[in-house]
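Chains P and H are the protein sequences, given in the same order. Following my numbering, the numbering of the first sequence begins with 1 at its first residue and continues without gaps. Following my numbering, the numbering of the second sequence begins with 1 at its first residue and continues without gaps.
It should be emphasised that the hints constitute simulated quantities derived from the structure, not laboratory data. Everything numeric in this text was worked out from a predicted model, so none of it was measured. Cβ atoms here follow ideal geometry from the backbone N, Cα and C, with glycine treated the same way. Any given hint might turn out to be false.
[Said to hold, decoys possible] Ranges of calculated distance between the beta carbons of each label pair, as one might list FRET restraints:
1. H:E528 to P:K420: 35 to 41 Å
2. P:Q101 to H:R315: 39 to 45 Å
3. H:E469 to P:D443: 48 to 54 Å
4. H:Q101 to P:G453: 47 to 53 Å
5. H:E481 to P:E160: 54 to 60 Å
6. P:D443 to H:P43: 36 to 42 Å
7. P:S578 to H:S312: 37 to 43 Å
8. H:E469 to P:F582: 26 to 32 Å
9. H:Q384 to P:K15: 27 to 33 Å
[To be verified] Calculated pairs, BS3-like style, for lysine-lysine (alpha carbon to alpha carbon, straight line, at most 30 Å):
10. P:K454 to H:K474
11. P:K313 to P:K6
12. P:K454 to H:K99
13. H:K99 to H:K26
14. H:K454 to P:K474
15. H:K454 to P:K587
[Unchecked claim] Selected chain P positions facing chain H (Cβ under 10 Å, derived; list incomplete):
16. A42
17. A137
18. N440
19. G453
20. W511
Number of protein chains: 2
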Amino acid sequence: MKIIEKINRCISEQKPFYSFEFFPPKTEAGLTNLYARLDRMAPLSPTFIDVTWGAGGSANNELSLELSRTAQTYFSYDVMMHLTCTGSTADEINRTLDKVQASEIKNILALRGDPPQHGEKWQSCEGGFSYASELIAHIREKYGDYFGICAAGYPEGHLESASKDSCVRFLKEKVDKGTDFIITQLFYDLEEFFEFERLCRKAGIKCPIIPGLMPIQNYQRFKRFTDLCQTKVPDTIQSDLEAIKNDDAAVQKYGIDLAVKMSQTMLDKGVPGIHFYTMNLETSVTEVLGQLGLLTEGMAYRTLPWRPSTVSKRREESVRPIFWSNRPKSYLARTMNWDDFPNGRWGDSRSPSFGNLNDYYLLRQGIGLDRLRESRQKMWGSPQNLNDVHKVFAAFCRNEISDLPWCEMPVHSETNRISKELERLNLSGLLTINSQPQVNGADSEDPQVGWGGKGGFVYQKAYIEFFIEKTKLKALLAALEDFPSLTYHAVNKANEVYSRPTQPGINAVTWGVFPGQEIQQPTIVDPESFMIWKDEAFQLWLTDWASLYPKDSVSHKVISEIPETHFLVNIVENNYASGDIFEVFSKGNFLDS
Amino acid sequence: MKIIEKINRCISEQKPFYSFEFFPPKTEAGLTNLYARLDRMAPLSPTFIDVTWGAGGSANNELSLELSRTAQTYFSYDVMMHLTCTGSTADEINRTLDKVQASEIKNILALRGDPPQHGEKWQSCEGGFSYASELIAHIREKYGDYFGICAAGYPEGHLESASKDSCVRFLKEKVDKGTDFIITQLFYDLEEFFEFERLCRKAGIKCPIIPGLMPIQNYQRFKRFTDLCQTKVPDTIQSDLEAIKNDDAAVQKYGIDLAVKMSQTMLDKGVPGIHFYTMNLETSVTEVLGQLGLLTEGMAYRTLPWRPSTVSKRREESVRPIFWSNRPKSYLARTMNWDDFPNGRWGDSRSPSFGNLNDYYLLRQGIGLDRLRESRQKMWGSPQNLNDVHKVFAAFCRNEISDLPWCEMPVHSETNRISKELERLNLSGLLTINSQPQVNGADSEDPQVGWGGKGGFVYQKAYIEFFIEKTKLKALLAALEDFPSLTYHAVNKANEVYSRPTQPGINAVTWGVFPGQEIQQPTIVDPESFMIWKDEAFQLWLTDWASLYPKDSVSHKVISEIPETHFLVNIVENNYASGDIFEVFSKGNFLDS
Numbered sequence: 001m002k003i004i005e006k007i008n009r010c011i012s013e014q015k016p017f018y019s020f021e022f023f024p025p026k027t028e029a030g031l032t033n034l035y036a037r038l039d040r041m042a043p044l045s046p047t048f049i050d051v052t053w054g055a056g057g058s059a060n061n062e063l064s065l066e067l068s069r070t071a072q073t074y075f076s077y078d079v080m081m082h083l084t085c086t087g088s089t090a091d092e093i094n095r096t097l098d099k100v101q102a103s104e105i106k107n108i109l110a111l112r113g114d115p116p117q118h119g120e121k122w123q124s125c126e127g128g129f130s131y132a133s134e135l136i137a138h139i140r141e142k143y144g145d146y147f148g149i150c151a152a153g154y155p156e157g158h159l160e161s162a163s164k165d166s167c168v169r170f171l172k173e174k175v176d177k178g179t180d181f182i183i184t185q186l187f188y189d190l191e192e193f194f195e196f197e198r199l200c201r202k203a204g205i206k207c208p209i210i211p212g213l214m215p216i217q218n219y220q221r222f223k224r225f226t227d228l229c230q231t232k233v234p235d236t237i238q239s240d241l242e243a244i245k246n247d248d249a250a251v252q253k254y255g256i257d258l259a260v261k262m263s264q265t266m267l268d269k270g271v272p273g274i275h276f277y278t279m280n281l282e283t284s285v286t287e288v289l290g291q292l293g294l295l296t297e298g299m300a301y302r303t304l305p306w307r308p309s310t311v312s313k314r315r316e317e318s319v320r321p322i323f324w325s326n327r328p329k330s331y332l333a334r335t336m337n338w339d340d341f342p343n344g345r346w347g348d349s350r351s352p353s354f355g356n357l358n359d360y361y362l363l364r365q366g367i368g369l370d371r372l373r374e375s376r377q378k379m380w381g382s383p384q385n386l387n388d389v390h391k392v393f394a395a396f397c398r399n400e401i402s403d404l405p406w407c408e409m410p411v412h413s414e415t416n417r418i419s420k421e422l423e424r425l426n427l428s429g430l431l432t433i434n435s436q437p438q439v440n441g442a443d444s445e446d447p448q449v450g451w452g453g454k455g456g457f458v459y460q461k462a463y464i465e466f467f468i469e470k471t472k473l474k475a476l477l478a479a480l481e482d483f484p485s486l487t488y489h490a491v492n493k494a495n496e497v498y499s500r501p502t503q504p505g506i507n508a509v510t511w512g513v514f515p516g517q518e519i520q521q522p523t524i525v526d527p528e529s530f531m532i533w534k535d536e537a538f539q540l541w542l543t544d545w546a547s548l549y550p551k552d553s554v555s556h557k558v559i560s561e562i563p564e565t566h567f568l569v570n571i572v573e574n575n576y577a578s579g580d581i582f583e584v585f586s587k588g589n590f591l592d593s
Numbered sequence: 001m002k003i004i005e006k007i008n009r010c011i012s013e014q015k016p017f018y019s020f021e022f023f024p025p026k027t028e029a030g031l032t033n034l035y036a037r038l039d040r041m042a043p044l045s046p047t048f049i050d051v052t053w054g055a056g057g058s059a060n061n062e063l064s065l066e067l068s069r070t071a072q073t074y075f076s077y078d079v080m081m082h083l084t085c086t087g088s089t090a091d092e093i094n095r096t097l098d099k100v101q102a103s104e105i106k107n108i109l110a111l112r113g114d115p116p117q118h119g120e121k122w123q124s125c126e127g128g129f130s131y132a133s134e135l136i137a138h139i140r141e142k143y144g145d146y147f148g149i150c151a152a153g154y155p156e157g158h159l160e161s162a163s164k165d166s167c168v169r170f171l172k173e174k175v176d177k178g179t180d181f182i183i184t185q186l187f188y189d190l191e192e193f194f195e196f197e198r199l200c201r202k203a204g205i206k207c208p209i210i211p212g213l214m215p216i217q218n219y220q221r222f223k224r225f226t227d228l229c230q231t232k233v234p235d236t237i238q239s240d241l242e243a244i245k246n247d248d249a250a251v252q253k254y255g256i257d258l259a260v261k262m263s264q265t266m267l268d269k270g271v272p273g274i275h276f277y278t279m280n281l282e283t284s285v286t287e288v289l290g291q292l293g294l295l296t297e298g299m300a301y302r303t304l305p306w307r308p309s310t311v312s313k314r315r316e317e318s319v320r321p322i323f324w325s326n327r328p329k330s331y332l333a334r335t336m337n338w339d340d341f342p343n344g345r346w347g348d349s350r351s352p353s354f355g356n357l358n359d360y361y362l363l364r365q366g367i368g369l370d371r372l373r374e375s376r377q378k379m380w381g382s383p384q385n386l387n388d389v390h391k392v393f394a395a396f397c398r399n400e401i402s403d404l405p406w407c408e409m410p411v412h413s414e415t416n417r418i419s420k421e422l423e424r425l426n427l428s429g430l431l432t433i434n435s436q437p438q439v440n441g442a443d444s445e446d447p448q449v450g451w452g453g454k455g456g457f458v459y460q461k462a463y464i465e466f467f468i469e470k471t472k473l474k475a476l477l478a479a480l481e482d483f484p485s486l487t488y489h490a491v492n493k494a495n496e497v498y499s500r501p502t503q504p505g506i507n508a509v510t511w512g513v514f515p516g517q518e519i520q521q522p523t524i525v526d527p528e529s530f531m532i533w534k535d536e537a538f539q540l541w542l543t544d545w546a547s548l549y550p551k552d553s554v555s556h557k558v559i560s561e562i563p564e565t566h567f568l569v570n571i572v573e574n575n576y577a578s579g580d581i582f583e584v585f586s587k588g589n590f591l592d593s
């Protein structure tokens with residue numbers, strides 16, 4: 001989606017927004033860390049993120065594009081990519097823009113770029129562009145309205161500009177050529193920004209101007225950066241920092257307080273949002289947003305129970321099977337080739353074929369998740385018997401472990417409502433991998449289970465999914481006879497199936513009713529998808545757990561036997577008004593006590 | 001749908017079924033009455049109805065086809081058409097079958113037919129068929145499995161058969177050629193039927209055999225019929241009737257009791273259902289079904305809140321706008337040309353264009369609704385002022401009047417919950433034409449508001465739609481400011497619009513949650529459809545009411561001024577949990593007291 005549209009919506013709703021800048025890391029380990037960070041930061045719901053253009057070298061530029069694409073596809077950010085004129089002919093720039101377009105990235109921050117070497121004088125490439133305004137004109141001419149275009153503003157004047165006035169004239173030129181909005185370079189003197197804003201407005205620039213802010217995180221880095229950019233640092237800040245420059249924690253805290261103060265002043269004076277130069281770090285920015293009071297509002301509002309994708313062909317997607325709810329990236333990878341996505345109903349428009357699980361393994365390698373072996377082995381230990389495995393699952397329920405092969409993220413806050421029951425089941429013979437508590441008409445703004453906005457009511461049928469040994473399953477099936485409101489499917493690796501009803505349909509398990517809207521039903525239990533998911537679920541025992549241990553070890557044997565001896569079972573309590581999904585487990589007398 | 005499939009389902013669910021036979025009336029007034037009767041009898045939900053083949057003359061046969069088509073299209077019956085060999089060449093029969101197929105009628109009762117004149121010997125037409133079995137073989141050969149085929153059985157032997165045995169041999173031949181099930185001729189001696197059934201089974205006939213029953217309604221007609229068919233009438237029945245033959249009411253009551261007794265005996269002995277020769281009358285059959293206890297079960301189960309159409313291309317239809325809920329035939333007529341019908345969601349697959357209102361007026365003429373002028377004028381009187389009109393509306397709320405131009409049928413039983421409030425509003429300045437009470441998670445088998453089957457929960461947002469004068473509307477709009485959970489649209493003939501929200505979406509106002517299913521949302525409020533409906537609603541004042549009076553009369557003036565001075569308004573209370581749609585009317589202080 002074009003960022004300017006989101007910005008304009010925020011402006012019209014008088015809702016301050018924020019955005020984050022990231023750069024492509026230089027090492028592969030750095031990339032892995034950044035992906036993990038992008039995943040964690042996604043719930044902060046920035047209006048967009050931007051990714052800088054790798055300085056020098058096409059490999060680096062490929063990395064920028066790859067990072068942008070992954071952030072958009074798998075982490076659901078709206079992404080803006082930087083693009084510079086430096087060292088590129090018009091043809092090269094066209095090829096890049098074609099790739100950007102093919103990746104469905106719709107926003108470009110168009111820059112002239114720095115000289116290839118610091119201190120050198122900037123030179124245009126033969127057949128290239130000399131000014132950002134030329135690049136912007138070119139993009140508009142060749143790609144029409146496809147791209148949203150942002151330009152950089154220099155509150156203190158560009159290093160190479162004769163004066164602030166001439167700098168603003170250049171900016172006006174960029175706006176006239178087709179710029180949607182402006183992000184400023186970093187600054188620490190608020191007066192410089194307000195003066196710049198005044199000059200821009202006076203020059204007839206009408207588009208949004210977003211101040212760019214870099215929270216000070218480390219004295220040395222701050223010093224290097226401000227020297228390099230010749231950024232004006234007010235004396236008070238200079239002297240404050242001098243006093244604490246050797247105390248990193250104090251500097252970080254100072255940086256946070258300063259950023260909060262600067263942001264609040266600017267928001268009070270009417271800037272529509274703040275752009276943060278994150279330096280690929282999350283702590284300071286998260287803290288600043290929290291102190292500004294922007295975070296709770298941003299995070300409380302879930303459009304859907306799951307994080308919707310920003311990829312345009314998925315824009316209409318509004319239904320997903322529950323099975324992948326803890327492995328959304330696998331679901332995205334395996335459905336990436338669908339022509340259309342279920343909207344409103346699963347039954348109508350679902351594409352029949354899920355992609356091969358390998359598609360996802362390629363992605364995992366790409367985003368470095370395979371590097372987690374060490375931390376996982378530490379978390380999960382070296383089980384010597386089945387009982388040890390049950391203890392690992394119970395620890396996950398207690399939030400002592402951050403992930404399991406079937407759960408890429410820690411337990412949902414809403415699951416806390418039932419975590420005690422789940423822990424008990426995991427210690428008594430079940431291995432639970434997915435669940436949701438019952439909800440009967442909760443406020444759609446409920447902080448734990450709410451989604452979809454104001455004034456609605458949300459519902460959930462209780463759901464639980466687990467591995468269980470065949471002998472215990474038989475007893476469970478017998479116990480289920482007395483619970484007609486429960487529907488279930490049980491299947492093992494060899495495709496033995498038990499289910500109720502015997503011809504099962506698609507069961508909506510999460511839905512919402514909103515003023516003036518059709519009924520939303522974002523999560524369903526679909527027996528056909530379950531048969532796809534179960535292959536993945538059984539395989540994960542081997543690929544993600546047993547593989548951590550030597551082939552001849554006890555742990556390898558314990559883990560790899562589980563998919564051979566266990567069934568995967570899902571159960572839905574259809575009576576969301578007064579049913580209790582856990583009752584069947586206490587009645588059957590078949591679990592270990 | 002093929003009737004045999006419905007029959008087989010009833011058999012497997014051990015649910016006794018019933019069906020009705022009708023014949024094409026000889027006069028147009030008779031046809032009008034029959035259509036009104038078909039409309040009233042539809043809620044009895046017979047498994048199917050059959051329509052006899054006009055004896056003699058293609059005009060009569062066209063009428064059979066027309067009656068079948070209308071019954072299926074507008075009254076949502078599954079229809080079986082009779083077809084005889086009498087007086088038709090194979091070519092003529094093919095042409096008829098092509099027409100039947102084009103009308104989407106899927107079931108044929110294949111008969112040899114009576115001789116053109118009673119008493120004459122039956123003769124085949126040159127190039128025609130001589131036996132029903134030949135006709136059946138022909139249908140199967142030429143149309144494959146398209147048609148479901150029923151054959152007639154003669155418990156007492158066919159008049160022209162040498163013996164019961166030879167008659168059963170003929171029947172076996174008909175079954176072997178492709179008959180799905182058998183309906184018997186009428187009989188009054190149960191032993192004859194059971195004997196016939198035994199002979200059939202012995203001869204290897206395995207398909208369902210449905211007894212045909214004619215409740216005695218009138219002595220003379222009964223006598224004529226049984227004489228004509230040489231039906232055996234047991235002595236006790238003969239003498240019972242002799243004693244009361246001049247008391248029509250007593251005969252009818254006797255006929256009902258006898259039919260109940262015969263039906264119960266046969267059902268107890270395992271016949272799967274009863275076929276009723278209704279003679280186009282409704283009272284006796286309804287009473288028999290009631291006494292058999294079949295009715296409540298049949299009627300309590302509503303698949304959807306509205307009566308689904310049996311036309312195959314509408315089979316998937318599962319969403320309709322609420323506006324036409326009291327004029328379903330107009331809705332059917334105006335959407336008849338849609339290529340597909342909304343299923344699950346209104347927003348996805350709705351066809352943009354509603355047919356012209358004239359399509360419906362043609363249908364009305366066809367089914368004779370225009371003949372209701374006299375009864376309507378009696379019901380609605382001759383209003384001398386607006387107040388008189390309000391009194392008519394109030395009388396409709398009290399069920400003292402059976403229809404209004406906007407309501408083709410009496411008030412729903414569920415509306416009784418709010419009829420007092422509605423009456424009050426109609427006496428205070430509103431003219432209400434549609435409404436539904438609020439329902440928050442009622443049992444889906446609730447006798448008043450339930451639908452969709454067992455184990456579900458159903459919901460409704462309260463809805464009210466009415467005409468109101470512009471001055472009162474202004475006060476209402478002001479009052480609505482204090483009720484943010486209400487959404488509304490108001491529009492007049494000249495397309496002045498007031499609405500909340502200003503960009504209104506599609507609002508689901510009836511929905512249901514069922515075990516193992518996606519969420520159903522059969523009724524919506526859609527602002528675009530509302531703009532179509534309002535033209536119809538305003539026009540009805542003139543076409544269906546003012547037109548009853550002479551052009552220069554006071555009543556004509558009073559009625560025809562209303563669409564010029566009033567707005568049509570719909571209001572939805574989105575808070576179905578604790579809202580009260582009527583509160584706004586008492587707060588505004590703008591209604592007459």
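Verification of the hints:
1. About 50 Å separates the C-beta atoms of E528 (chain H) and K420 (chain P), a value inconsistent with the hinted range of 35 to 41 Å.
2. Look at Q101 (chain P) against R315 (chain H): about 43 Å separates their beta carbons, and that is inside 39 to 45 Å.
3. Roughly 38 Å separates the CB atoms of E469 (chain H) and D443 (chain P), a value that falls outside the hinted 48 to 54 Å.
4. A hinted range of 47 to 53 Å holds for the C-beta pair Q101 (chain H) and G453 (chain P), which are about 50 Å apart.
5. Hint check: E481 (chain H) to E160 (chain P), Cβ distance near 58 Å, so the stated range 54 to 60 Å holds.
6. Look at D443 (chain P) against P43 (chain H): about 39 Å separates their beta carbons, and that is inside 36 to 42 Å.
7. Separation of S578 (chain P) from S312 (chain H) is about 40 Å and conforms to the stated range, judged on CB atoms against 37 to 43 Å.
8. One distance hint, 26 to 32 Å for the beta-carbon pair E469 (chain H) and F582 (chain P), is violated here, with the actual separation near 58 Å.
9. Judged by the Cβ atoms, the range 27 to 33 Å given for Q384 (chain H) and K15 (chain P) is violated: they are separated by roughly 58 Å.
10. With a C-alpha separation of about 27 Å, the suggested pairing of K454 (chain P) with K474 (chain H) holds against the 30 Å cut-off.
11. Pair hint K313 (chain P) plus K6 (chain P) holds up; C-alpha atoms about 18 Å apart against a cutoff of 30 Å.
12. At roughly 55 Å between alpha-carbon atoms, K454 (chain P) and K99 (chain H) are farther apart than 30 Å, so this suggested pair is violated.
13. For a cut-off of 30 Å, the pair hint linking K99 (chain H) to K26 (chain H) stands: about 22 Å separates their Cα positions.
14. Distance restraint check for K454 (chain H) and K474 (chain P): the Cα-Cα separation of roughly 27 Å lies within the 30 Å cut-off, and the hinted pair is therefore satisfied.
15. For the given pair, K454 (chain H) sits about 25 Å from K587 (chain P) by alpha-carbon distance, which is consistent with the 30 Å threshold.
16. At its closest, the beta carbon of A42 (chain P) sits 28 Å from a beta carbon of chain H; the interface hint therefore is violated under the 10 Å criterion.
17. Annotation: interface hint on A137 (chain P) violated; nearest CB of chain H at approximately 35 Å, more than 10 Å.
18. A least Cβ separation of about 8 Å between N440 (chain P) and chain H falls short of the 10 Å threshold, and the interface hint therefore holds.
19. For the restraint placing G453 (chain P) at the interface with chain H, the shortest Cβ-Cβ distance is roughly 12 Å, beyond the 10 Å limit, so the hint is violated.
20. Because the beta carbon of W511 (chain P) sits about 5 Å from the nearest beta carbon in chain H, less than 10 Å, this interface hint is met.
Hint violations for this structure: numbers 1, 3, 8, 9, 12, 16, 17 and 19, all remaining hints satisfied.
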